[in-house]
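S.K.: Okay, here's what each chain looks like letter by letter:
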Amino acid sequence: MKKYWKDIESKYRKEELKVIEQTSDENSLSGLLSDQRKDIPASRRDFLKLCGFSFAVSALASCQSKIGKAIPYVIAPNELIPGEALYYASSYINGNDYCSIIVKTRDGRPIKIEGNPESGITRGGTSARVQASVLDLYDGSRFHGPMKEGILTGWESIDKEISSKLHKIVEEKGTIVLLTPTIFSPSTEAVITGFLNKFKGSEWVRYDAISYSAIIEANKISFGKQVIPDYRFDKADLIVSIGADFLGTWLSPIEYTKQFSSRRDPEHDMNWLIQMESNLSLTGSNSDNRIQIKPSQETAILLNIYKDIIKAVEKRNIETPASSVDISGISEKLLLSAGKSLVISGSNIKQVQLLVNEINRLLGNIGHTILFDSFLKTHAALDSDMEMLIGTMKKGAVNALLVWNVNPVYTWYKKDAFAEGLKKVGLSISLSGSPDETNSLVQYICPDNHYLESWNDAEPKKEYFSLMQPAISQIFDTRQMADTLLKWSGSTIQSYDFIKAYWVDNLMSRQSEFSDPVTFFDHTLQKGTFEPAATTVERGGKIRSVGTISFDPHSIKTVDNDGKNIVEIVLYETIALGEGRQANNPWLQELPDPVTKICWDNYVSISPAQAKEYNLNDNDVLNLGEVELPVHIQPGQAYGTMGIALGYGRSKCGKVGDNVGIDVWRMLSSDKGNIVYTSKVEYIIKTGRIYPFAQTQTHHSMEGRAFVRETGLKEFKNNPSAGNEEHAYNLEHNKSLYKERKYPHHHWGMAIDLSKCTGCANCVIACQAENNVPVVGKEEVHRVHEMHWMRIDRYYTGEEDNPEVVFQPVLCQHCQNAPCENVCPVAATNHSSEGLNQMIYNRCFGTRYCNNNCPYKVRRFNWFNYSAAGTLSGNLRDIAGMTGDLKRMVLNPDVTVRAQGVIEKCSFCVQRIQAAKLKAKYENRALLENEIQTACSQSCPANAIVFGDMNDRKSEMSRLINSGRRYNLLEELFTMPSVNYLTKIKNKIL
Amino acid sequence: MLQSPLRPPLIEGNKTYRSITSDILNPMMNKAGKYWYLGMTISSLAMMFGVFMIFWTVWQGIGTWGENRTVGWAFEITTFVWWIGIGHAGTFISAILLLFRQKWRNSINRSAEAMTIFAVICAALFPLIHLGRPLLTFFIFPYPNTRGLWVNFNSPLVWDVFAISTYFTISLVFWYVGLIPDIGTVRDKIKKGLKKNIYNFLSFGWKGSARDWHRHEITSIMLAAIATPLVLSVHSIVSMDFASSIIPGWHTTIFPPYFVAGAIFSGFAMVQTLLIITRKAMGLEDFITPSHIENMNKILIATGSIVALAYMTEMFMAWYSGVEYEHYAFMNRATGPYWWAYLIMITCNVVSSQLLWIKKLRTSLAFTFFLSIVINIGMWFERFVIIVTSLHRDYLTSSWTMYKPTIVEFGLLIGTLGIFFTAFLLFIRIFPVISISEVKSVLKISGEKQHKKDLSHEK
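Top line first, the protein sequences correspond to chains A and B.
Mapping the first sequence onto my numbering, position 874 (from 1) lands on 2214, and the numbers just tick up by one.
Mapping the second sequence onto my numbering, position 371 (from 1) lands on 378, and the numbers just tick up by one.
Fair warning: there could be bad hints in the mix.
Claimed, not checked - Capping the alpha-carbon separation at 27 Å, the derived lysine-lysine pairs in BS3-like fashion look like this:
hint : chain 1 : residue 1 : chain 2 : residue 2
1    : A       : Lys-2118  : A       : Lys-2026
2    : A       : Lys-1937  : B       : Lys-411
3    : A       : Lys-2328  : A       : Lys-2057
4    : A       : Lys-1488  : A       : Lys-1655
5    : A       : Lys-2012  : A       : Lys-1735
6    : B       : Lys-367   : A       : Lys-2118
FYI, nobody ran anything at the bench for these hints, they're computed from the structure.
One chain only, chain B, in its complex shape (with noise of 0.2 Å):
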């Protein structure tokens, strides 16, 4: 009988349904290993670090900033745009892909959906705290009020404020309603006490009937649907911040797709990151294997490259516009004092991202790894130009000026990686970090049967 070559398989270790269920469940059940009480230790001090400059912010006022008359938002946007992208990553994994019926992604949706969910809380403080007047958010909303008061729905900022709210929910509902099926497993594997209470509670009473399966996965494509445009949306939204307004080196269209395609770009690479550590720490090699890590490379080659044809774009606008200001404020990212600033995101964006043509490195784990810490760092130098470099020099030459950050600054990045990697750590020990069911879903095991059958025919 003639068999067309197979597809490499997706998981690897011939494993049975029953030994994925504990291969996965174990790390999460068995007692935390001192790495993992090490992790939370930093993280958690990171954390308190930020809470601390999170009060000193709002205590003392925008002034413990570095930030002044010309340089109205600097790194505290910066992070919140670099947060808000990285989040991309878990929505354009749980739900583009899962439309694309691109099976690799199920190794790796959980924890890239996790990931997102808490890229949006540590994004989403940013534009909390940075307010003069943090206790006064709620004037965002359009609540009706005796005032007369309305919100002005020409502002990016109230767009913002809709297109993050979505995402955080559709995310966190997506992300829920995947897990239900695994809270249940985990459910019955404990035998009794309060915990199985919780989880019996968390899983909704999943009982694995074939309703529940059926439903669950028409709301698992529903919410699919429905988050795929908030992959182009948010992001976009968030890039009118900028292109809405009229400084030079903000006012630009190409924006919207700039920005989706450097989200995509960091957020797999934050995802990289954590896997690459998860797996090894967790024993999770079979689950997410190299080719995992290939597959997601090759995503970073192809928005790592529209990336660097933005960022081509942008120079050539500015000349051939013609516009003084436009002009100016282009060659002032590259050769003004905040040159270095330029060469850190050309180096860590355009050029570490294009040797992944090759393919020894694509499949290196190691170079992997340290090439998603170089383009996060380089994501941020970039919403670090875009914000800064266009703002301490724009019209009035008389009011250019440097913006230098201070610790206080520093701090609340600080304080968002710990809270970041605080809640990672601990959902890694509550919730299996790898979707059981739907691994299952892409084990091959009678197809692998049968080949082997039919190869020992053979003979």
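Chain A on its own, in the form it takes in the complex (with noise of 0.2 Å):
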């Protein structure tokens, strides 16, 4: 019996299609067929054989597709299972912000983050600029190497030449200044100041693009610590914040979300939050009063407010010019929590942050909620420093510069100055990764690695250390900024051993657990965190006495604009964008902001009131003098304000976000040395031009339908099902001719805690990032086709002028009576056994039934080609090149890229699920009860969405699901949802 055909791919094959050739001279195909001898003619089985060749020549013919190379592991390394997750614990650092993050990497590369519940500072929390960061590291227009006046080039090269450069600078005794913002890694301190010392002369200038400098300078000068305090919200029973909206943007907001959110828990001590600001900030939507100011009555506020608790505190009388905004109430309130209350300000103007110590102390906060023993490193800059490196610039005064990762021509208020004092630098380098307006004016390009490729430490807080460590070789050719200093000031070492050998020196004589330096440091790298204080922090510390300075009050001076026709503008940060540095992200781009709900823009925030005197509508282009903005009318502004986001209208930082909205950051200004995030305009010109937004939600009112549940602490006190009275009805009134379903075995369900929840939209990218949701752009959001699985709803209650505002995370919520699942003709979607609304993705054929008939239309339609995953080609809609080979590095392979035409939704993440069973099974056990996590409830910093079995009686989800508090999104339709809510409840005193 002679077989022919082995393997296509088989070595023998060569030697095969001789034989083939030989043969088939004689009987042609036949032969080749037929395992008889050949005298015989072929036969009918001979003939099936031959036709079953054919059909599968054919058919194998037709779908053979385009084969790339793949390179298989020659030793593959031990710990990689193929199709088997690696999770590595590492640390997020991006300018000023800082989070302790687990990386997951399927098959060596990093597809998400999940937050670290390891460390003390953020706990598992981690914000939507976190979530999104895994996909700056796929960014292609990074750069991919050291280049030489805009020209790839080689390390060695570039080494030699810029060595030598330096060395020659020090010689003829120049200036060396190396430009960074503020560096909390205590090894890449160490790596500097080796490299000052090694060049004599060289300094080193700290710029923070977002100043908190007004702080540090008046925490000098009432304290003697020039420091930014470590706040503790958790501790606070009463916060009153001016214009600082530290859940969204201020200072560390994921840290102050995690601590905030733990006082929001009805059942326990709920804490008191008062704001007061001019743009409808995060902080000011969670807010329980809202009073809205502008900017320049704050510092009248803050007087009143010092004057009544000087007064009552050290039995002084002063004088003080009347605050016009009425805060009549706060001081008295404030007295009674002193010790446990918390005043903080937004501003960044000395004066008031002197008052605000003031205040502080004296209420006896300092020790208790504002600790100066565990400080925060990351924001230390102070703009002063910049503005003598540019007056040192312009003078010609600078040898060589030196910038990493920080951006003034972007961000510094006078970028013209920086730029003109750039020309005048000798050598001008930058070690930043990716392209940006500074470095597209300097010589040298000396890319630093994307944090995922990098070795790294850092100390967000005095005492909380954690380690950064790569999670995939570097993409690009591309050097760690640490390597390359220590490159230039001729070590040899590497930053693996000089931050292994800077933790062994310094930080292991601080534990005890470990004496042997390679178990201390494998076994912090392993937990990311190192926290030796932290107990001693959590106990209080010790509480420093603060010596009394003299403070003047009456050398306040208080500017009132009330009566003038002035209209302030505050200048602030996005919850997504930032500064700016992130611009380049489209997830980032796509995120709606969670109040305005408007994406791939900034604009003129405007109060109706303002709005309708100016007869002004949403969409109208404003020319604000320097500036042309579209506006926004913005429900709770304050009227006399503006508010327009900066870290738009990047020019220089590649495709996605280039010309991205408008810079403004010119509208900053300076006040003593610091910048002040507000300005003025004296008159604004309607250009007549109208500008659509991409805005996801465009009514703001619930109607009065009980979408969000809400009460008062006090009616909970009394009733904890206090606003919620309609679930007890339903349940009564909800009669189904059917039986219900049985779920034996598990049945997932979620619990979203409304009170806690900020509205941050970390859920949003965390569930974009781990279910390959794709980027659609803004004119298809504008078209009202975004994709997110997970959204944030917000309405505004109450009066326009001064609404309060509620969100609701809403998602599919795995109904048991699903109203999409009996409408769809071809089961597509249908239930599953654990209560899992199931979507097939393959089945669909996309007659949009089922997501007409969801009343809380969270199923997505894939009206293009978005991913690359359809039949056709030619139509492929990707404005952000999210289906290029480098960016699809990011996809999780565990979820389907959906194909153009299906409908997709939330899963439940179900390759989470499915995962955790496999794994509890495997080594014969019963699941955890924590053990499966959503990508929206892993990293949620305010704790807010507990993920779990329903059937689980002892778990924290049953408990949630048998609380007073707890309803289902219109209930009345009984379609039996398993997404809980549990009543918001808002702790209104005033």
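Hey, can you piece these two chains together into the complex? The hints should help.
M.R.: Quick look at the structure:
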């Protein structure tokens, strides 16, 4: 029996072909197939074989696809099992942002960031920016290698060139300046110190685009400590914040959200937040009382509070100008919770911060809610340093400038002055990893790694250390900034060894658990964090005495613009983009602002009353003198103020972020050396043009429907189901003709605590990263084609001019009586035995009936070929290059990439459920309570989302769904969702 | 001898059997006039425009339409329901009126049935192209397969498939069975050539024997009996696409009768539009008389009034039910951002059809023609109002949005109109537009003669 065809790829192929040629001469194809002797004519069997063969060949030929080259591991790494995820503890550092994270990698590529619960700072929380940072790794616009005058060169030649130039400058007694943001990595600081020692006469200037230098300077005056203290929002019963968006962008929002939300549990002691601000910020949206003020009124308000408090504490009367804002009652409440209150201000004016310090000191908050023992190290730059640097640069006195990770040509308020100064610098080098406005003007580019490719460490807060480790080797020919500096300093050591040595030398002695340096380092690396002093800080630490300083309240000047025809402008950071570092990140660009719900743009927020006065409508383009921006009428915007977001209008960041929005950094100014984030305009011109927005929610009222059920703390104390009376009624009256479904094993469910949820949108991006949710672009969002599986509905309640805000994360509710399931003609959406509403993409052919019939409108249709997964070609709509080879590496291989024309929606991260179940089965044990975490619940900085098995009677999940606060969205429809909401409890006192 | 007063004749102009044949066949056998070519040019251009838009939709995706996250169906389902509705008059005329022995139908049933078929073809296009993945349309059929897949019989869309395909099949068969004797006539009129062979084939060997006639009539009655329930079922099932959902404004039990009445209403309006043109263009005034038009106008009053009643009932129920969502949905229809669509619907369907109570208007051809177009516009808007205004503001206010059609969607409407009129124009050139054999059955030639004779005797 001859068999000729074995395997096309087999190495005997050549020989076989020869044989075929020989035989085929004699008996053609039948001879090829026949396993009989040649002299017997073809039988029926042969005929069928022939048919089968030709069918198979034609079928194979038609479905052959392009074959790329795959290079297998010659020696596979030990720990790598194909198809299984590996997790590395690491740290996220981007400018001043810090987060302790766990990086999920699949087959060697990082695909998802999770929060690290081991961290005493971020405690397992992340932010939208942290979640999105994994996409930055695969950004093709990052520098691909070292460049000289815009031309790629090699590291060796560039090192040689730069070192010799630097040494020459030192020899000629020139000045070398290293310009960085605040660096809170102890080892990098040591590297820089080494560099500064090596190159005598060099200086290190730190510059933070969003500056907190007024707080730092004020603290030096008030307490003799030139730092930003550790604010403890979890220890404060009463928080009075004046324009500080600490839940959104102020200093360390992930940490503060964790702390704040831990005090939003009405069953325990709830805190009370009073927010006074101009823009409706995330913090203002979550406040119990919100007072609208103009920035110019801040000082007078603080002075009046100060007057009341000093009168009560020190029995002194002082004269202050009257405040035009009604703040009655606040001082009394502050005095009642003296030592357990916190007054903060988002202002960057020194006298305001001095006042805040005095108030906190008088209230005895220092050492309780404001700790100086463990201070924040993420913000330490002083704006005056930058002013001085520019002065020196303009004089031509800086011979070499090394810029790393700051972008003053974009973020500095006098950007032209900086650019001008830069021209006079003899040697300009950028160490940043991705293109920006500043490094487009320098001579040499020595690109840094992405943080997921780097070794590093961090000390964001004193005595809270963490390590950063690479999760992938360099994608491009880049080199870590510390390595570059080490190399130029003449050191041969690599940053990994440097860090290890630094930790062993300096930090190992802080602990007694490990005596072996290797074990110590490896253990810390595995855990991600090292917090030797965390326990003592937790106890409150030592309260250092703070001396009284001479503080003269009469020296403080107040400005009152009331009655004048001046509109004050408040410039702020958005949750998504911040100062614009990640402007080239399409996930963040497409993230709707939690409050305005607009993405892909910045705009002028203006109060409804003022809009009426000026006869302005949404989308009207305004001329504000220097810039033109479209109007967004924002309920809750203080009358006489306008809010504009910084961080937009980048011009050199890459394809996605360039020219999105308008650059307004020029509107900043300086007050006694500190950048002021307010401005004013005296005239506004309506250009008559219209500029459409991509806004995901355009109706802002609940129209009296009980989507978000809300009550006050007092009412809740009297009746745990206050505000939720309908629930009992619905439970009683909802009846079905059908038998109730039974879920004998698991019944997955979710509980979302609306009291805790701050609407920060971390879950939106976490979900997008986990579930390969496509980016559709501004035009498509404008056409109401956005694809987010998780959205946060935001409703205004109360008056238009001073609304209250409620947030409600909405995802697929996984109804037990799902309206979508029975209308699908092809059963592409159906119910699992564990209560999941499943979506079978292969089976879906896109009638959109399920979407119409979904009362929650959580289903998303692939209107176009967004993901290149369809069968047709030439119709791709991928504005952000998400289907490019590089960016596709961020895709989660466990989740199908959906094709054009199918419906998709939240799956409760079914891939995670399956993975955990498999693991438990493999280990022959039951699932643990918190073993399965959906992407949204895992990293929620507010701990507002709990996922679990509703059948597990002992779980937190069961406790929550049996609470009086539990209700389902639109429960009167009897869809019986598996997503449960807990009523929002506000602590209204005023 | 006492004679009861005679009914007015159903056809006019002292026709004989011969002249009926020639009158009806002449416009078909002669060379087409320039108006036919003009009509053909316009309608085939419209068709080509629509075909391009279909191609564009399939290739680029449904995103080329104005539909969105909240409004998942809009223009296409509106037009789909509209076309299905238009088809209904044909079946109503051919089946129900046949069973009720309404002989006046004999002049109009052929073209009404043809209209049904073309309308159902236009309608059936929409469920197909509105799919996200139209190449996988076969998923909808419950065919045995090795993958163990089956359709979901709970879904009204599956019911739709059966309803529409049954409807189309029965209509086609009914129409063709009715055509056979006339095709025989055409075959006999043609002397020779390919044409004769084709008609010969199409006539299925019709000989006109008594047995042929007997079987033909039995079949017609049987098919009429089968088709009659379809008049009620098809649009009832289409209405269940909406009625069985939970969207306020859709979820109403009144939908099946309301939709059927609306369908017959719009179908008759379309028959009016077509016939008034056809009789004029083809010189068939004697066969399609003002009394035909008036009869159909009476049906328009009846169905129009049912539709008006349905509108009022919906409003009443929305208020009476006390359901907040229902209440809002209907208030939003009348006073929300799409108030103009609601106003068009009420004006065109309710107000205009009530004018037909006036005999002068009812018998005026010009007015009827104008009115029939108005009603067709109104009925399109009725479906638009039901579909779009219910969806765009449903339960969660956060998802409320607006819907704005794109040129592609208009192109599809224009394209199906093109398909419809192209098919109709071809039809009038290929088959007799009036059923020759059935019209002959209502010719009272002998009775008339006797009557005249009697009259002359009395003198």
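S.K.: Hey, A:Lys-1488 versus A:Lys-1655, does the alpha-carbon distance stay inside 27 Å?
M.R.: Violated: A:Lys-1488 and A:Lys-1655 sit about 67 Å apart, past 27 Å.
S.K.: Quick one, are B:Lys-367 and A:Lys-2118 close enough, alpha carbons at most 27 Å?
M.R.: Between B:Lys-367 and A:Lys-2118 the Cα gap is close to 58 Å, so the pair fails against 27 Å, i.e. violated.
S.K.: Tell me if the straight-line CA distance from A:Lys-2118 to A:Lys-2026 falls inside 27 Å.
M.R.: holds, 24 Å
S.K.: Taken at face value, is the distance from the CA of A:Lys-1735 to the CA of A:Lys-2012 at most 27 Å?
M.R.: Roughly 22 Å separates the two Cα atoms, so the pair holds.
S.K.: Does the alpha-carbon distance linking A:Lys-1937 and B:Lys-411 stay inside the 27 Å limit?
M.R.: holds, 21 Å
S.K.: Does the alpha-carbon distance linking A:Lys-2328 and A:Lys-2057 stay inside the 27 Å limit?
M.R.: Judged against 27 Å, a Cα distance of about 13 Å means the pair holds.
Comparing the model with each earlier hint shows violations of hints 4 and 6; every other hint is respected.
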